[in-house]
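Peer 1: Chain residues, written in single-letter form:
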Amino acid sequence: DAGITQSPRYKITETGRQVTLMCHQTWSHSYMFWYRQDLGHGLRLIYYSAAADITDKGEVPDGYVVSRSKTENFPLTLESATRSQTSVYFCASSGGTGASYYMNTEAFFGQGTRLTVV
Amino acid sequence: SQQGEEDPQALSIQEGENATMNCSYKTSINNLQWYRQNSGRGLVHLILIRSNEREKHSGRLRVTLDTSKKSSSLLITASRAADTASYFCASSGAGSYQLTFGKGTKLSVIP
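So the protein lines, in turn, are chains A and B.
Quick note: to get the numbering used here, add 12 to the position in the first sequence (first position is 1).
By the numbering used here, the letter at position 55 of the second sequence is numbered 35, and the numbering carries on one by one without gaps.
Among the hints, a few may not be true.
[As the list claims (entries may be wrong)] Short derived list, chain A residues pointing at chain B, Cβ under 7 Å:
{"hint": "1", "residue": "G54"}
{"hint": "2", "residue": "L55"}
{"hint": "3", "residue": "L57"}
{"hint": "4", "residue": "Y60"}
{"hint": "5", "residue": "A62"}
{"hint": "6", "residue": "A64"}
{"hint": "7", "residue": "Y76"}
{"hint": "8", "residue": "G122"}
{"hint": "9", "residue": "Q123"}
{"hint": "10", "residue": "G124"}
[Claimed, not checked] In the DSS-like style, the derived pairs of lysine-lysine whose C-alpha atoms are separated by at most 30 Å in a straight line are:
{"hint": "11", "chain 1": "A", "residue 1": "K82", "chain 2": "B", "residue 2": "K50"}
{"hint": "12", "chain 1": "B", "residue 1": "K49", "chain 2": "B", "residue 2": "K6"}
{"hint": "13", "chain 1": "B", "residue 1": "K86", "chain 2": "A", "residue 2": "K69"}
{"hint": "14", "chain 1": "A", "residue 1": "K69", "chain 2": "B", "residue 2": "K50"}
Note that these hints are calculated values from the structure, not bench results.
Here the structure is a predicted model, which means the values were calculated and not measured.
Yeah, the Cβ is synthetic: ideal placement off N, Cα and C, and Gly gets one too.
Turn these sequences into a full structure, and let the hints guide you.
Peer 2: Below you can see the structure in the form of structure tokens.
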């Protein structure tokens, strides 16, 4: 199916475990983003990427790792999960113009992953 | 810190009334976008206004941008119960592809 999909939709993990959230888009969009959404904070940018093998830290990158070996995938890994990482995580992609290196089109969002760290 | 900040945080109106939400941002932008989020769902793009534009319309939506005041407003005319959602502004700074969001305005439209 065309679009952007996140998996899993729901995840419960224990403190200290490593967990990876997956994001896959079928449009070959250049830009991809990871956000977390918490009450009172809106959406906060964790990491973003302009193309395969190009990633940048956002507002709240500590405790997270990303990779982008293929254009269509942008997994987010919590190296050692903590309770403060309990949140809803959203992945997004945008076509943009990679050569221009700035956002000029809309972003498309996945349905989110609700992560609970116990 | 987040680039955009919406105001008000929450807004409750009667069906048929107009709803106005405001967004302020901190640095020079390429463009400003508005998104909508229904409860428990992902965000959906509504409209994008470029830094050299002052006003843009899309159906019942009207967006204005004042770069001198670093602010934007979203007007929803003749609101419907189905417009009940959270609305976010997002901006991309000049020379950057980082897309940052504000905290959102929660709109409730009462039938």
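Peer 1: Hint by hint, which ones does this structure get wrong, listed from lowest number up?
Peer 2: 6, 7 and 11
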